[in-house]
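K.L.:
Here are the chains, one letter per residue:
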Amino acid sequence: MASILTSASFARSMRSAWRIRLAHFGASGWVGLAIVAFWALAAMFGPALLSRSGAAGGGAVFAPISAAHWLGTDYLGRDILARVIEGARYTVGVAFLATLLASGVGTVLALLAAASNRWIDGGLSRTLDTLTAIPSKMFALIMVAGFGSSIPMLVMTAAIIYMPGAYRFARALAVNVNALDYVTVARTRGEGKLYVMLREILPNIAGPMLADLGLRFVYIVLLLAALSFLGLGVQPPAADWGSLVRENIGALADAGASVIVPSAAIASLTIAVNLVIDNLPGGVARERGVR
Amino acid sequence: MNRIILLLLARRIALALLSLLAVSVVVFAITAVLPGDAAQEQLGQEATPEALAALRAQMGLDVPAPQRYVRWLGGLVRGNLGVSSATQLPVTELIGSRLPNSLLLAAVTALFSVPIALSLGIAAAVWRGSWFDRAASTAAVAVVSVPEFLVATLGVLIFAVQLRWLPALSYVSDVDSLGQLLQAFAMPGLTLCCVIVAQMMRMSRAAVIDQLEAPYIEMVRLKGASPLRTVLAHALPNAVGPIANAVALSLSYLLGGVIIVETIFNYPGIAKLMVDGVSQRDMPLVQACAMLFCTAYLILVTAADVCGIVANPRLRHR
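For the record, the sequence lines run as chains H and F.
Letter by letter, the first sequence follows residues 0 to 290 of numbering that gives the first Met the number 0.
Letter by letter, the second sequence follows residues 0 to 317 of numbering that gives the first Met the number 0.
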C-alpha cells in the first residue's frame, strides 16, 4: 500500500492522522496531562523553590492552615507543603524509574521471545508466569523481608514485580506483528534477529506499550504508597506521600490537612494518569486487568 | 461432565500445583538464600570464625541451599512451619491463633460484596450508557485507582469522625452479641467491600456486555422478547461462566486489600502478623505467611479458570 502513496501524500496522511488523534484527546485528558506535568515539575524543581526545607521543625504540632504554613504542619511541626513537595521526588521519581525499568526490560525480553525460536520463547514465558503467581503486595513484602527497603531496592522490587505483566502484554503484541508479511519479507531479505526486533517489530508495538507504561506507573505508585504506608517503604527521615499519611494518621480524628493533603496528592496523580490513558487513541490497555 | 472437561480440569489443577512448587522456590530463594548469611548478620562484623561456624551449624546454614530447601519444603508439607525467630513460638501456633479472624473478615466481606457487586454490574451492563451506568463506572474507576488506605481513611473520616456511628478501631476479642460483631467488622469490612465491589462490578459488567453484544441477543430482540426476558433467560445463563470467573478473580484482590486494612484498623489477623514479621525480619514467619497467601491466591485463580471451563456449554456437548 505504501508504494502507491507518494512521499508527500504519505506525509499529509500522517499529519491528518495526528490531528484526528489530538481531536480525540478530550478536555479530561488535558486536565490529567496538566496534573501529571505539575507533579513532574514539582518533583524536579519544587524543592529548590521552597523557602523552607521540609526537615525544619519547631513550629506548632498539627497547626492549621495559615499564612506561614500554607497547608499546616505535621506531627513534628514541619511544614506540610514542603514535605509533600519533597515527597513528590520519592513518589514520582521512584515509581517512574521502576516503571521505565519494568516496561523496558519487559519489552526487550518480549521482542527477544517473539523473534526467537520456540524454546527461548517458552522458557521465558514459563519463568515469568511463575512470578505472576505471587500477588503483588505479597511479593513486595517478601522482597522487603529479604533485602530491606533502601531506595535502589524499592526500585528493583517494583520493577521485578511489574515486569512480567509488561512482558506478557508486549509479547502478545509482538507475536501478532511477527506473523505479518513485512516481517517475513525482512527475514527473507536476510536481516538479522536484532534488526527484526528493533526496526520491524518495536515501532509497531510502541503505541500500546506507552499506554501500558502509564497504567503500570499507576500500579507502581499505589504499591509503593501502600508499602510506605505500612512503614516498609521509604524510610524516615525521607518520606514519600505514603509515609506522610502514615506519620500523620494521628490527625485523622480532627480531619487535619496533614493527613488529607498527601492522600489527595496520591489520588490526584493516579486519577490524572488514568484520565490521560483513557483519552489515548484506540482505548488500548483499558479493561485488561493488569496485575 | 465428560472426558474432555475432566481432562482440562486435571491439567489446570496440575498446572496450579506446579506453580505452587515454583512459587515456593521463589519465596525460599528471596528469603533464605539470596540475602546472604543470616548468621553473619546476626553476629555482626566482629564475630570470630568459630562463633560464626557454631551459629551456622545451629541454624542449619552449613548445608547447601538445595538441601535446605528440600528440608524446608518437607516441613511445610507436614505442617511443621518452624519456630518464629522474634517470639520463639512455633509459627503454626501464631498462625493458628490469627487465621480464624482473617477468614471471618474475608467471609463477611464476600457475603456482602458479591450480591451487591453482581446486581450493580448486571444493572450497569443492561442500562449501558445511562446516567446510572456512568455514575457507577466512574465511581468504580475512582475507587480502583486510589490506594486502599485512602478508602479506609475516608471511611473513618465519614463514619467514625463525622457521623460517630462506628468505632475507628476494631477489637475482635470481646464479641458477645450480633450488634458488637457488626460494630467490630464494620470499618474493615466496609473498606474491603468498597474495593472488592468496584473490581467485581467492572468485571461482571464487562462479562454481561460481552454477551449482550452477541448476535443471538439481537435475534432474541427481533423475535420480540421483553428486555427483562432477554437478560434473565437468554444473556445471563451464558454469562454465568465469565461472571463466576470475575467473582473468583475479584476475591483474590481481598488478599492484597486485607494487608492494608488489617494494619490500618489494627485488626488481629494473619496479614497484620505477616507485616509485623517483615518489619522484624522474622523469616520463618514471613515464609509461612507468604506460602499461605500464595496458596489462597492460586486456589482462587484456579477456581476462576475451573468455573470458566465447567460453564462453557461448547465443551459440555462435544
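Watch out, some of these pointers could steer you wrong.
[What the hints assert, rightly or not] So, partial list: chain H residues that the calculated Cβ filter (under 8 angstroms) puts toward chain F:
| no. | residue |
| --- | --- |
| 1 | Leu-197 |
| 2 | Gly-213 |
| 3 | Val-244 |
[Claimed, not checked] Just so you have them, the derived chain F footprint on chain H, three or more residues with Cβ under 8 angstroms:
| no. | segment |
| --- | --- |
| 4 | 29-40 |
| 5 | 115-122 |
| 6 | 142-148 |
| 7 | 225-231 |
| 8 | 266-276 |
By construction, these hints were calculated from the structure, which means they are not laboratory data.
Every residue gets a Cβ at the ideal spot worked out from N, C-alpha and C, and that includes glycine.
K.L.:
Against this structure, judge whether each hint is valid.
P.N.:
Tested hints:
no., hint, in the structure
1, Leu-197, "violated, 31 angstroms"
2, Gly-213, "violated, 12 angstroms"
3, Val-244, "holds, 6 angstroms"
4, 29-40, "violated (count 0)"
5, 115-122, "violated (count 0)"
6, 142-148, "holds (count 5)"
7, 225-231, "holds (count 5)"
8, 266-276, "holds (count 4)"
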